[in-house]
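Participant: Go ahead and model the full structure; you've got the sequences and the hints to work with.
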Amino acid sequence: METSLTFDKAFSELEKLVEEIEDENIQLDTLAAKVKIANELIKYCEVNLRIITADIEREKLNS
Amino acid sequence: MPLAQKLSELINEIDATIYNRFANKTFWIRAEITDVKKYKDKRWCFLKFIEKDGNAITSEIKGVFWSNTYHHVENFERETQQIFASGLEITCNVRIRFHKRFGLDLEVMAIDFAYAVGQLEIERKQTLDRLVKETPGLQLLSNGCFSTVNNRLELPTVLQKIALITAPNSDGQRDFKEVIEKNKYGYAFAVKEFLTQVQGDAAAFLIVQQLANIKSANEVFDAVVIVRGGGSDTDFKSFNTFELSNYVATFTIPVLTGIGHDRNTSIVDLVARQHKTPTEVATFIIDKNLSFEQDMMQLKERIFSGVKNLVDTAQKKLAYNIRIIKSSSPKTILNKGFAIIMHDNKILTDPAMIDVNSQVQVILKDEILHSTINKKEPNGNKLDF
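Protein chains in written order, with my numbering: chain A, 1 to 63; chain B, 1 to 385.
Since the hints were derived computationally from the structure, they do not count as laboratory data.
What you are looking at is a predicted structure, and each value in this text was computed from that prediction instead of being measured.
Be a bit skeptical, because a hint or two may be false.
Under 8 Å between C-beta atoms, here's a sample of chain B residues computed to sit facing chain A [stated by the list, open to error]:
(1) Tyr187
(2) Arg302
(3) Val307
(4) Ala314
(5) Tyr320
Virtual Cβ for every residue (Gly too), placed ideally from N, Cα, C.
Facilitator: As structure tokens, then:
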């Protein structure tokens, strides 16, 4: 997972994954990888909503 | 030796004289008030009325509100949005009272605050006009609201790091923090307090200073929250000053206000993002994070139902293909009574390949018939499939 992830980035990546997964022409053998990434993004947001991490702070300072 | 009378006899006479002249009469006066002492629990207010010539006090008399008229003090504060305190000039209705021990005072029966309200309205209008003229990026919208640099800033999707401007140990501080800390979703917040007085003459300047401190702090804040408690302290003057309103309007971190007034909107409210009370600001922040999480959960649902659709579709396709393959397999065909004819270990598809007297194997479902060809002739569509 990228270190410079933010809530906004995580959300837009999730939206992208949803679009890909809802596209019938998706390669099925990429599905597992996509679901894995989606789960990691969701977990990132869930955790970071409930814990203030130094990462968030650093990332914002850099942006 | 002079003939002395008792003190009480003289005082009784003074009392009677004052009574004869002033009993059941009230008077409207305009005067400056000073030495104001409020006893909120008893609902008394003691003060002095004074009149000055330059700096010299030329007239002075004690004044008092008892509990039956104390609500005039509260009404004054609510209507004029300023504390009933020393230095104000008020117009009020009084009656003269004499007490044999405590002396003469004016008991206040009513305050006329129309004058004070009128003054405040004029000042507010002047401040608004000045903001329109002088504050960069500020526009007056047709609905009477302001669009400012500050309230046009986009709020972060999730609000977590909050700079809180509040008076120490105030109701507003307590209410805001309690809602934030006890949010039932377990969201984490980092609230850093920038304490200052929020009423009184110096408040506007002190709040501007704390905003400047927030701007120059090492941390990055998602939002600034300014709260003040309710109660009867309704001194809004600082929130209607040009200096504070101008500073907030151009401040580069979103400002959320919860300065607790049901009926009126201060100018700072107009140039920032207004919420009525400290509790409402806190609830708004929590709900914003909640709505982010809910949006994310919807995406999660879509991902899982998308995956399920894809797998279901793939399984249906697979089942279809298996049926096709099964129906065309030799075993299925033999079960139906057809036979396979082998010659030289190959399936015979072209009868021209064999002659009469050749050896062939006729493969049936359960047995193989080893046979010799006796005769060949064209089919002639004997069997009509």
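Participant: Mind checking the CB of Val307 of chain B against every CB in chain A and telling me if the closest is under 8 Å?
Facilitator: Val307 of chain B check passes; min Cβ-Cβ to chain A is 6 Å, inside 8 Å.
Participant: Holds or violated: is the Cβ of Ala314 of chain B closer than 8 Å to a Cβ in chain A?
Facilitator: Since chain A brings a Cβ to about 6 Å from Ala314 of chain B, closer than 8 Å, the hint holds.
Participant: Min Cβ distance, Tyr320 of chain B to chain A: is it shorter than 8 Å?
Facilitator: violated, 16 Å
Participant: Holds or violated: is there a CB of chain A closer than 8 Å to the CB of Arg302 of chain B?
Facilitator: holds, 5 Å
Participant: Go through the hint on Tyr187 of chain B and say holds or violated, using the shortest Cβ distance to chain A against 8 Å.
Facilitator: Holds, about 5 Å.
Consistency with the previously given hints fails for number 5 only.
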